[in-house]
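Engineer: Here's the letter readout for the chains.
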Amino acid sequence: VSTGRRGQSVGVGLGRLDGVLKVRGRARYAYEQPVPQPAYLCPVQATIARGTVVRIDTGAAEALDGVLAVLTHLNALRLVDTKDQELLVLQSAAVGFRGQFIGAVVAESSEIARHAAALVEVEYAPATHNAAFSVGEHGDVSLDSTPGLPRQVSDAEIEAALAGEHGYVSLESTPGLPRQVSEAEIKAALATASTAVDQTYTTPPEYHVPMEPHTSVAIWNDGTLTMYESTQGVHPFREGFGGAVRPGAEPGPDHLPVCRRRIRLKAQGSRPGRTRGDGGTRTARPCRKGCLDPAADVLPQWLPSTDHPTRATRGGSGWHTDRTGRRRGRAEFQNAGFSRRSRRTGPNDVRRCAASDHESSHGPRCSRTDLDAGARQVPWDVRA
Amino acid sequence: VMPFEFLTAEDVAGAVAAVTEHPDAVYLAGGTNLVDRMRLGVATPSLVVDISHLPLDQIVELPDGTVRIGALARNSDLAAHLLIRQRYPVLSQALLAGASGQLRNLATTAGNLLQRTRCVYFQDVSMPCNKRDLGSGCSAREGYTRYHAILGASAGCVAVHPSDMAVAMAALDASVVVAGRTGERSIRLNDLHRLPGDAPHRDTVLTHGELITAVDLPPLSFSQHSAYRKVRDRASYVFALISVAAALDLSEHWDAGGDPTIRDVRIALGGVAHKPWRATAAETFLRGAAASVENFREAADVELAHAEPLNDNAFKVPMVRNTVALLLADLTRRQVGAIDGDLTGQEQKP
Numbered sequence: 001v002s003t004g005r006r007g008q009s010v011g012v013g014l015g016r017l018d019g020v021l022k023v024r025g026r027a028r029y030a031y032e033q034p035v036p037q038p039a040y041l042c043p044v045q046a047t048i049a050r051g052t053v054v055r056i057d058t059g060a061a062e063a064l065d066g067v068l069a070v071l072t073h074l075n076a077l078r079l080v081d082t083k084d085q086e087l088l089v090l091q092s093a094a095v096g097f098r099g100q101f102i103g104a105v106v107a108e109s110s111e112i113a114r115h116a117a118a119l120v121e122v123e124y125a126p127a128t129h130n131a132a133f134s135v136g137e138h139g140d141v142s143l144d145s146t147p148g149l150p151r152q153v154s155d156a157e158i159e160a161a162l163a164g165e166h167g168y169v170s171l172e173s174t175p176g177l178p179r180q181v182s183e184a185e186i187k188a189a190l191a192t193a194s195t196a197v198d199q200t201y202t203t204p205p206e207y208h209v210p211m212e213p214h215t216s217v218a219i220w221n222d223g224t225l226t227m228y229e230s231t232q233g234v235h236p237f238r239e240g241f242g243g244a245v246r247p248g249a250e251p252g253p254d255h256l257p258v259c260r261r262r263i264r265l266k267a268q269g270s271r272p273g274r275t276r277g278d279g280g281t282r283t284a285r286p287c288r289k290g291c292l293d294p295a296a297d298v299l300p301q302w303l304p305s306t307d308h309p310t311r312a313t314r315g316g317s318g319w320h321t322d323r324t325g326r327r328r329g330r331a332e333f334q335n336a337g338f339s340r341r342s343r344r345t346g347p348n349d350v351r352r353c354a355a356s357d358h359e360s361s362h363g364p365r366c367s368r369t370d371l372d373a374g375a376r377q378v379p380w381d382v383r384a
Numbered sequence: 385v386m387p388f389e390f391l392t393a394e395d396v397a398g399a400v401a402a403v404t405e406h407p408d409a410v411y412l413a414g415g416t417n418l419v420d421r422m423r424l425g426v427a428t429p430s431l432v433v434d435i436s437h438l439p440l441d442q443i444v445e446l447p448d449g450t451v452r453i454g455a456l457a458r459n460s461d462l463a464a465h466l467l468i469r470q471r472y473p474v475l476s477q478a479l480l481a482g483a484s485g486q487l488r489n490l491a492t493t494a495g496n497l498l499q500r501t502r503c504v505y506f507q508d509v510s511m512p513c514n515k516r517d518l519g520s521g522c523s524a525r526e527g528y529t530r531y532h533a534i535l536g537a538s539a540g541c542v543a544v545h546p547s548d549m550a551v552a553m554a555a556l557d558a559s560v561v562v563a564g565r566t567g568e569r570s571i572r573l574n575d576l577h578r579l580p581g582d583a584p585h586r587d588t589v590l591t592h593g594e595l596i597t598a599v600d601l602p603p604l605s606f607s608q609h610s611a612y613r614k615v616r617d618r619a620s621y622v623f624a625l626i627s628v629a630a631a632l633d634l635s636e637h638w639d640a641g642g643d644p645t646i647r648d649v650r651i652a653l654g655g656v657a658h659k660p661w662r663a664t665a666a667e668t669f670l671r672g673a674a675a676s677v678e679n680f681r682e683a684a685d686v687e688l689a690h691a692e693p694l695n696d697n698a699f700k701v702p703m704v705r706n707t708v709a710l711l712l713a714d715l716t717r718r719q720v721g722a723i724d725g726d727l728t729g730q731e732q733k734p
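Chains A and B, in that order, are what the protein sequence lines are. Be aware that the first sequence starts at 1, since it is given in the working numbering, and climbs by one per residue. Be aware that the second sequence starts at 385, since it is given in the working numbering, and climbs by one per residue.
Honestly, the hints are just simulated from the structure, not real lab data. No experiment lies behind these values; they were computed from the predicted model shown. Warning: the hint list may mix true and false statements.
As the list claims (entries may be wrong) - Below, a sample of chain A positions facing chain B; criterion: calculated Cβ distance under 10 angstroms:
#, residue
1, Q45
2, A46
3, T47
4, I48
5, T52
6, R98
7, E111
8, R114
9, A118
Beta carbons: idealized from backbone N, C-alpha and C, even for Gly.
Between the sequences and the hints, there should be enough to build the whole structure, so can you do that?
Structural biologist: See the structure below:
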């Protein structure tokens with residue numbers, strides 16, 4: 001939004017900087033940013049819910065013509081700031097949820113990257129996962145499934161807890177907020193009401209799936225990383241991501257992960273840069289030391305198959321009960337209902353619930369695009 | 385996508401020969417399902433034989449009244465065809481209930497019949513699935529089964545056939561014309577798709593290399609009194625929870641005050657089994673019976689007597705019962721203007 005002078009934005013009609021482009025259909029998605037001769041990245045995703053990667057064989061992928069690098073936790077860029085868990089990609093062998101990125105292939109074309117990603121062989125040491133609802137001390141149902149927390153309970157127990165004296169449902173027990181009305185209290189009030197409306201509303205599973213393919217464009221150039229991201233929170237993301245990669249992010253043989261390719265490139269003999277006429281692909285130029293050109297642009301491509309595991313969905317299939325009791329012609333209490341999210345919210349959510357260790361409580365670790373199409377495409381720079 | 389060879393077929397015989405010779409070759413027509421599966425790694429053919437340009441897209445009436453639909457007739461074109469809309473409204477409605485406009489513009493008739501299940505475990509190569517990898521096990525059995533079968537499933541597979549169009553064709557007693565290495569044969573649509581049994585990796589009785597070249601709709605005197613109803617989780621662009629295709633033939637005369645008698649009826653169910661489910665038991669029950677809501681419900685119950693719902697889909701049993709009754713009541717009302725029985729008190733529990 002273009003604001004006027006500082007302090008004069010309240011009550012003033014404001015135009016969006018990208019508004020004209022958007023209404024004309026000319027605003028670009030992250031993937032559409034013009035980048036000369038990009039490389040393409042395709043993720044390798046975990047197929048277990050929880051555990052450790054004990055072996056990851058990238059040989060077949062690396063041998064494929066057109067593959068520039070295969071990234072894993074063994075060779076990826078180390079982050080200097082690990083506070084933001086969402087950014088802890090390829091930082092350890094630990095698998096925390098199904099669909100987690102455990103590797104990535106960088107290649108000359110999207111097709112080669114995808115093919116090579118499928119050739120990466122992974123061996124896991126799976127661990128037990130916990131993905132069921134738990135009941136807290138006060139009978140509240142929690143989505144939290146962190147090991148160590150109270151035992152899991154059955155649906156029947158949840159219903160019993162709800163029907164009890166202090167039974168109430170809360171997605172979050174916020175300290176300081178008043179206790180919600182219990183089922184017993186609702187029943188008692190309804191029993192003495194002269195008229196009562198008791199209606200349950202349900203919603204089908206609904207997902208907000210962004211129109212934009214899950215992509216980012218990363219451009220390393222002279223110590224600057226420019227990223228095109230499909231995020232709504234440009235500034236928070238810049239702070240978080242910039243902090244995590246700085247100062248170790250400076251492109252160079254010791255830090256840029258693709259420099260692991262140095263050995264292989266040397267063995268093949270450094271080739272001068274070559275450019276294909278089709279303009280759609282790029283062969284990264286080996287630099288003097290044999291590593292990839294630090295200016296190589298990488299287009300990580302989020303595929304449809306990566307969509308759900310990497311993005312928080314707001315599943316529907318919940319229900320909400322409205323109950324209104326009236327006595328002596330006036331409302332005694334209204335809308336003393338409760339709502340609760342279904343434990344099963346749709347195919348993908350269920351799969352995630354069944355397979356995920358910590359997504360259900362914290363949201364997916366890699367979620368960067370669970371935001372509406374508000375303000376996209378604002379490039380931002382990180383000074384290394 | 386794994387690398388594959390691509391061949392453009394010059395004619396049906398050439399296409400059949402090319403695919404028959406390669407053990408893992410496939411035909412490409414509209415590509416709306418195959419290409420998805422290739423991208424997901426579910427299909428990994430080494431040879432793709434493109435037949436999309438072959439002249440198999442005509443919809444014509446044969447001298448005996450049969451309507452012959454070319455295998456490559458697009459779903460949109462078939463749904464909009466005057467002959468289909470007038471004579472087989474159930475088919476037109478079923479087509480329009482499926483997918484989206486864009487997909488229907490690409491998807492072909494035979495491709496629709498041969499599309500594969502959308503069981504989430506079948507489509508996820510990291511999960512065990514007997515249909516994709518025979519012997520690896522069935523993830524759905526203990527997993528998410530809202531969209532799965534209640535009839536005719538096996539221990540090894542509880543997937544359903546996803547097509548709407550095929551359900552209407554099953555009710556209309558269609559047959560498919562199949563070209564093979566040794567010539568042509570005709571298969572009743574109701575015999576084309578299989579129940580999973582212990583070979584869930586096989587959706588149909590076709591042998592490798594056989595190519596559907598046309599679908600025949602035989603003349604049916606009451607096919608204009610037909611309709612399709614699809615019940616789903618949202619109003620469009622989603623597969624059926626259950627669906628019903630029906631055609632109803634009522635006696636021309638009935639006593640004033642009484643119910644008309646059912647001369648003939650066709651019922652097929654979608655979203656309930658590994659194949660479009662022709663409800664022959666319900667049909668037998670209704671032939672000669674009075675067209676009442678009570679009888680419609682009872683007929684559905686006869687068909688559902690052997691239903692075996694899974695963890696998440698017990699709702700399908702009353703849903704089928706109610707939808708069969710509603711659809712047949714609608715068809716009755718359209719023909720006679722009224723129907724005996726109360727449709728408001730739908731049962732909610734199985």
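Engineer: Each hint: holds or not?
Structural biologist: Here is how each hint holds up against the structure:
1. Q45: With a closest approach of 8 angstroms, the Q45 (chain A) hint holds.
2. A46: It holds, given that the least Cβ distance between A46 (chain A) and chain B is near 9 angstroms, below 10 angstroms.
3. T47: At about 4 angstroms, which falls below the 10 angstroms cut-off, the nearest Cβ of chain B leaves the hint on T47 (chain A) intact, so it holds.
4. I48: holds (8 angstroms)
5. T52: Not OK, violated: T52 (chain A) not within 10 angstroms of chain B, min 17 angstroms.
6. R98: This hint holds: R98 (chain A) lies near chain B, its Cβ roughly 8 angstroms from the closest one there, short of 10 angstroms.
7. E111: Check passed: Cβ of E111 (chain A) comes within 6 angstroms of chain B, closer than 10 angstroms.
8. R114: Holds: closest Cβ of chain B sits about 6 angstroms from R114 (chain A), inside 10 angstroms.
9. A118: holds (6 angstroms)
Of the numbered hints stated above, the single one contradicted by the structure is hint 5.
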